[in-house]
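*Asks:* The residues making up each chain are set out below.
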Amino acid sequence: MSRHTLWRKGERFGLRPVADEDADFLHGLRIDPELSRYIHTTPPDPAAQRAWLATYYERPNDYYFSVIDEITAEREGAIGLNDVDHVAGTAEMGRWILRRGSLAAAESALLVYAIGFEDLALDRVYCRTVSANKAVVSFHRSCGLRVTDESRQVILAGVTYGVTEQSVDRANWPDVAARLKRVRTMAVGLLA
Amino acid sequence: MSAPDTMVVGRVRAVLGEVLGPSATQLDNPSRDTVPEWDSLAQVEVLFALEEEFSVRFPADKLNTLRSLETIVEALEHE
Chain E
5 MSRHTLWRKG ERFGLRPVAD EDADFLHGLR IDPELSRYIH TTPPDPAAQR
55 AWLATYYERP NDYYFSVIDE ITAEREGAIG LNDVDHVAGT AEMGRWILRR
105 GSLAAAESAL LVYAIGFEDL ALDRVYCRTV SANKAVVSFH RSCGLRVTDE
155 SRQVILAGVT YGVTEQSVDR ANWPDVAARL KRVRTMAVGL LA
Chain D
2 MSAPDTMVVG RVRAVLGEVL GPSATQLDNP SRDTVPEWDS LAQVEVLFAL
52 EEEFSVRFPA DKLNTLRSLE TIVEALEHE
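Protein chains in written order, with the numbering used here: chain E, 5 to 196; chain D, 2 to 80.
Source of the hints: derived by calculation from the structure; they are not laboratory data. It should be emphasised that the depicted structure is a prediction, and the values quoted were computed from it without experimental measurement. C-beta: ideal position from N, C-alpha, C; glycine also. Keep in mind that a hint or two might mislead.
Distance windows between CB atoms, simulated [what the hints assert, rightly or not]:
# : chain 1 : residue 1 : chain 2 : residue 2 : range
1 : E       : Glu74     : D       : Glu54     : 33 to 41 Å
2 : D       : Glu38     : E       : Lys13     : 38 to 46 Å
3 : D       : Pro37     : E       : Asn86     : 42 to 50 Å
4 : E       : Ala52     : D       : Val9      : 46 to 54 Å
5 : D       : Leu28     : E       : Glu78     : 28 to 36 Å
6 : E       : Asp153    : D       : Glu38     : 25 to 33 Å
7 : D       : Val57     : E       : Asp123    : 54 to 62 Å
8 : E       : Gln157    : D       : Thr26     : 48 to 56 Å
9 : E       : Asn86     : D       : Ser56     : 35 to 43 Å
Counterexamples of contact, computed for chain E against chain D with all Cβ distances above 12 Å [stated by the list, open to error]:
#  : residue
10 : Thr59
11 : Asn86
12 : His90
13 : Asp123
14 : Arg128
15 : Ser142
16 : Val158
In the DSS-like style, the derived pairs of lysine-lysine whose C-alpha atoms are separated by at most 30 Å in a straight line are [unchecked claim]:
#  : chain 1 : residue 1 : chain 2 : residue 2
17 : E       : Lys138    : D       : Lys63
18 : E       : Lys138    : E       : Lys185
19 : D       : Lys63     : E       : Lys185
Whenever a hint applies, use it, and build me the whole structure from the sequences.
*Replies:* Take a look at the structure:
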């Protein structure tokens, strides 16, 4: 089962709707201590991931994708657009998680923004990242996203963290896309 | 083959240290294989920080060579 039918193929990686058969892989990523440091706690039972997907399928403004290596057909991770607001023209790019060592970061971000701006006709996509997660905040900054809010906080495992919101809007989307395409080229080259 | 320009080497090393942290400056030839912090996310920052520092734009066919201090210096010296 999947909730939507949007998908994109890139030069090396692609996005397809998350489905039940992805649950165990995603659960494995979410309980990896290195990958899960800055995300909400995941229950140890993989059935919880399948239960979460069942609730996700019911939400209309939520697009969750598996990131797939189109050459090997292996899963790389997941990425999503959630809280899609068609009136405000906004969505959050989130639930982004990739296996250790994956080179799919740039292409998966590029493809999900493309879905946001071209398929869903959004005006702005924002990313909310725990500020202490400097690698991801720096990635978004290097890709041309602008800081749009630093006032939020999130509590993870009982610890309060500041949150950095960075955005790409219709005006800077071409610049962000150009940067991401160059990085994608670099990543694809490293895999060749 | 001529010896690399030590000033270029120093500037690249400084960029790598700034982006990746001190472990990148403690090796003779820091690379993606030897610096744990040099992952695919950090590679993006390395690329754009180098382009800003040296006011260059690496051509597409050079991007995947930017994987160690030596190969970066070599790429810069051919710019």
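*Asks:* Does each hint hold? Answer for all of them.
*Replies:* So, going through the hints one by one against the coordinates:
For the pair Glu74/E and Glu54/D, the beta carbons lie near 34 Å from each other, so the given range of 33 to 41 Å is met. Distance hint for Glu38/D and Lys13/E: a CB-CB separation of about 31 Å, inconsistent with the stated range 38 to 46 Å. Checked against the hint of 42 to 50 Å, the C-beta distance between Pro37/D and Asn86/E comes to roughly 31 Å, which is inconsistent with it. Distance hint check: the CB atoms of Ala52/E and Val9/D are about 52 Å apart, consistent with the given range 46 to 54 Å.
The hint said 28 to 36 Å for the Cβ distance between Leu28/D and Glu78/E, and at roughly 32 Å that hint holds. In this structure the hint that Asp153/E and Glu38/D lie 25 to 33 Å apart at CB holds, the actual value being about 27 Å. Between Val57/D and Asp123/E the CB atoms are about 35 Å apart, so this pair departs from the stated range of 54 to 62 Å. One distance hint, 48 to 56 Å for the beta-carbon pair Gln157/E and Thr26/D, is violated here, with the actual separation near 34 Å.
For the hinted restraint 35 to 43 Å between Asn86/E and Ser56/D, the CB-CB distance of approximately 39 Å keeps it satisfied. Distance to chain D confirms Thr59/E as a non-interface residue, since its nearest Cβ pair spans about 30 Å, more than 12 Å. Distance to chain D confirms Asn86/E as a non-interface residue, since its nearest Cβ pair spans about 21 Å, more than 12 Å. For His90/E, the non-interface assignment is confirmed: its Cβ lies about 31 Å from the closest Cβ of chain D, beyond the 12 Å cut-off.
No beta-carbon of chain D is positioned within 12 Å of the beta-carbon of Asp123/E; the least distance is around 25 Å. With a closest Cβ-Cβ approach of about 21 Å to chain D, Arg128/E is found to remain outside the 12 Å limit, as its non-interface label requires. With 12 Å as the threshold on Cβ separation, the claim that Ser142/E sits away from chain D is violated: the shortest Cβ distance comes to roughly 5 Å. The Cβ of Val158/E lies farther than 12 Å from every Cβ of chain D, with a closest approach of about 20 Å, so its non-interface assignment holds.
For the proposed pair Lys138/E and Lys63/D, the alpha carbon gap of about 27 Å is at most 30 Å, so the pair holds. As the CA atoms of Lys138/E and Lys185/E are separated by approximately 22 Å, the hinted pair is consistent with the 30 Å bound. A hinted pair counts as satisfied when its Cα atoms are at most 30 Å apart, and Lys63/D with Lys185/E qualifies at roughly 14 Å.
The structure fails to meet hints 2, 3, 7, 8, 15 from the earlier list, while all remaining hints are met.
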